[in-house]
Amino acid sequence: QTVESDERALLNVDEGIKFSKDSLFLMNLRFRMQNRAGFNSIYSGSNLGIEQFEMRVRRLRLRLDGYVLSPKFQYYIQLAFSKADLDLETGDIAQPIRDAILYYTVNDNFYIGFGQSKLPGNRERVISSGNLQFADRSIANSLFTLDRDFGIFGYYTLRTKSTAIFLLKGAISSGDGRNASAINNGLSFTGRLEALPFGLFKNSGDYSEGDLEFEIKPKLSIGITLSENQKAVRTGGQLGPELFGSRTLNSLIVDAMFKYQGWGVMSEYMSRSSRDPITRNDAGDIRFVVVGHGVNTHLSRMISK
Amino acid sequence: QTVESDERALLNVDEGIKFSKDSLFLMNLRFRMQNRAGFNSIYSGSNLGIEQFEMRVRRLRLRLDGYVLSPKFQYYIQLAFSKADLDLETGDIAQPIRDAILYYTVNDNFYIGFGQSKLPGNRERVISSGNLQFADRSIANSLFTLDRDFGIFGYYTLRTKSTAIFLLKGAISSGDGRNASAINNGLSFTGRLEALPFGLFKNSGDYSEGDLEFEIKPKLSIGITLSENQKAVRTGGQLGPELFGSRTLNSLIVDAMFKYQGWGVMSEYMSRSSRDPITRNDAGDIRFVVVGHGVNTHLSRMISK
Amino acid sequence: QTVESDERALLNVDEGIKFSKDSLFLMNLRFRMQNRAGFNSIYSGSNLGIEQFEMRVRRLRLRLDGYVLSPKFQYYIQLAFSKADLDLETGDIAQPIRDAILYYTVNDNFYIGFGQSKLPGNRERVISSGNLQFADRSIANSLFTLDRDFGIFGYYTLRTKSTAIFLLKGAISSGDGRNASAINNGLSFTGRLEALPFGLFKNSGDYSEGDLEFEIKPKLSIGITLSENQKAVRTGGQLGPELFGSRTLNSLIVDAMFKYQGWGVMSEYMSRSSRDPITRNDAGDIRFVVVGHGVNTHLSRMISK
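Residue numbers (the numbering used here), protein chains in the order written: chain D, 16 to 320; chain R, 16 to 320; chain Y, 16 to 320.
Simulated from the structure, these hints should not be mistaken for lab results.
Be aware that one or more of the hints could be misleading.
When the alpha-carbon atoms are kept at most 27 Å apart in a straight line, the in silico BS3-like pairs for lysine-lysine are as follows [unchecked claim]: (1) D:232 with D:217; (2) Y:232 with Y:176; (3) R:232 with R:176; (4) D:87 with Y:320; (5) D:320 with R:87; (6) Y:176 with Y:217; (7) R:217 with R:176; (8) R:320 with Y:87; (9) Y:176 with Y:320.
This is chain D alone, in the form it adopts within the complex (with noise of 0.2 Å):
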């Protein structure tokens, strides 16, 4: 079992396949597909029935990752093609880069990336797919995530003289999404501090769901990301159908992680919030930033190893 947090590429990997060229070259090739099969029932009055079977390839996924030219140059490339991947459920333009990031190593403690790739958002969105303990993420990340941009990234890790542990993530990006074009002169601003105040997870436990690791001693992990998305053209910024006019949207996110011997609970709380967030055109239709906050809560016992 691999942890993945999707914020650097995979130097190491036990399942997949990888390719190198002394030092010079890297790739690891991976897939992951996610086929589900599934039924919706809707109690209306007296009648429990089946409403709809969804049967589908939910996620299949093709990554390549690695280095070039010197471990310090990390790559990180994820090519989607289920329907819901490519955005073919709710828009008509395929989008198969779900990132496309080049990273750069600093140092031991800070790395940038430029690219496309998750914003340091709220957590559920930023564990990958493959450790989430539910097979689709909560209804309030689908309405208030910071989900992926193009931009620039940097990660700081501030180490102190305790073990407890401080990780600095920002990012200024385009705001307006996967595989945007060019549209205004709005960026996006994105900061997130997370205090881990008993040390590191085991295996980065901080981002996957469940405590396959068994942790020993308690450990914690809590985050807050601040996020300002000026002249957005989307109602929920990063995503979602297109506004009339352009909204500066405000982001607060507060998460945390505890795990400590095959417990996990993992809770997040993210609110958006513009000053107009209603936006029409001439015929009188009205598009509507998502605003409001919403909560999310897992809590997780693993049975054994």
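Please build the complex by placing chains R and Y on the supplied structure of chain D, with the hints as guidance.
Relative to the frame of chain D, chains R and Y by itself:
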């Protein structure tokens, strides 16, 4: 020459690339390209001119197959990128996923699949495009085939004391074809029986069109498929434009393959019926289920090995 | 640094991954990513502000090339996944296939290709995007290039007793560009002659923009292309929106590359004409063939190796 039946992952590959790690992981990476230049000539009175040139990449497929954890868990993924493969000749939603299925081998005679793959329908459809005699499948196939679908598949081999072998194949699937969204609560049920009275063909020759193997003794396979697609919403069930309402489609397919000393005969009969095939919308437009029947027969002779 | 001319498969690769099986099969797997952040500033009276930020994955390509059966049969497949690469900035049909061509080497001086690839048109277009000096090609190129097409390609090298070398290149193609459907019976004919009076450039330097090789002696290549695209249905022949009727387009291209001790000069002249460039529909709307001419000239100096 590798024979593929598109009904399970290939564990031996002569072309393409094979990666393995102990017996924990195997990935074959292969591609198939079919470039085509042709012309259509239509006889109109005195004129037998060229009507259209058709010059294009007809098929371009990338395939990953192998196993994970154990050879009992096989996967088969096929992505397609040409315009026709993506369904962009007839529709406007790009559909790169052709196959994405996980197989579990229960024992030597029984394996099951979960995901998207070809239904056990008419023989020519299940024969991989690399093993056809002509560049495309028949017109009858395009109207009446069951094509691909998402669901649960089962394959059982019944061996007898004589040389005769029976294959039982079945599927419970969404009935709405490749990469469908959740639509309604109707499913599709497909059952197929194949009788091989003289035993197995060499190198899976019952699922390739020419007798590449020059069978020394006569070999015969007779197949019969029954399918009921409940609450289908497309004119051909798994294929075709949308109907204005849902209908239940019933299909009967009978086919046979005979091979002997370089000679090959393949024949198939397909029919589809529906109680009330015509659907209308409020504006009075009509869309109908493609009902009727078709026959497709080939005779071939290999000149030499 | 590998120089690519996009005109045949690469059999030696310094970057990327190479698989081979005896001399029966070779596959190189490579990718190219171009991430871009920029801004457009438009001077309007007193204001020189930033008009737009452009932040996106501009190019993301996956390439497979090598040979099958024998080094005489080479293939070259390039898939592209960024929004611009998929033609989704300007159109609404996803076009992931850029190149899909099979080459046959007749002898040391002659090889032919069948499939989709770049036409032997203006030099800057044939230079691979990884070997450009600027991030994008010229505006003249975007209006007058012959781009990619599907058809039969021939490449002949004429060696002389002196150092002079002549290259003859030709193609008979559909004339309708990448991944076109069958439209009408018009074809496109392209012929190109290149004269290299002082012999071959080091490392195919006539098809890379900077003089990375610091040519010790002056090297020159002069090219001239003539093209007739019969019954074309797009405003630029192989590119552009659809016309209301078909037209025959004639193109003349003259270009040159000169390199000497780190200096590089590239210049190209392109023109397109059509007897009756304007097409109308019944509603009186107008769409026209892009006729006219353009010039693109670069001067470059490498500072050091």
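Checked hints:
Distance restraint check for residue 232 of chain D and residue 217 of chain D: the Cα-Cα separation of roughly 10 Å lies within the 27 Å cut-off, and the hinted pair is therefore satisfied. Distance restraint check for residue 232 of chain Y and residue 176 of chain Y: the Cα-Cα separation of roughly 19 Å lies within the 27 Å cut-off, and the hinted pair is therefore satisfied. The suggested pairing of residue 232 of chain R with residue 176 of chain R holds, with an alpha-carbon distance near 19 Å, which does not exceed 27 Å. Between residue 87 of chain D and residue 320 of chain Y, the direct Cα distance comes to roughly 22 Å. Compliance with the 27 Å bound is thereby established for this hinted pair.
At most 27 Å may separate the alpha-carbon atoms for a hinted pair to count; residue 320 of chain D and residue 87 of chain R meet this at roughly 23 Å. Proposed proximity of residue 176 of chain Y and residue 217 of chain Y is supported: the alpha carbons are some 19 Å apart, at most 27 Å. The hinted pair formed by residue 217 of chain R and residue 176 of chain R meets the criterion: a straight-line CA distance of about 19 Å does not exceed 27 Å. For the hint linking residue 320 of chain R to residue 87 of chain Y, the alpha-carbon distance of about 22 Å falls within 27 Å, and the restraint holds.
Using a Cα cut-off of 27 Å, the hinted pair residue 176 of chain Y and residue 320 of chain Y is violated, with the two alpha carbons roughly 33 Å apart.
In the structure shown, a violation is registered for the earlier hint numbered 9 alone.
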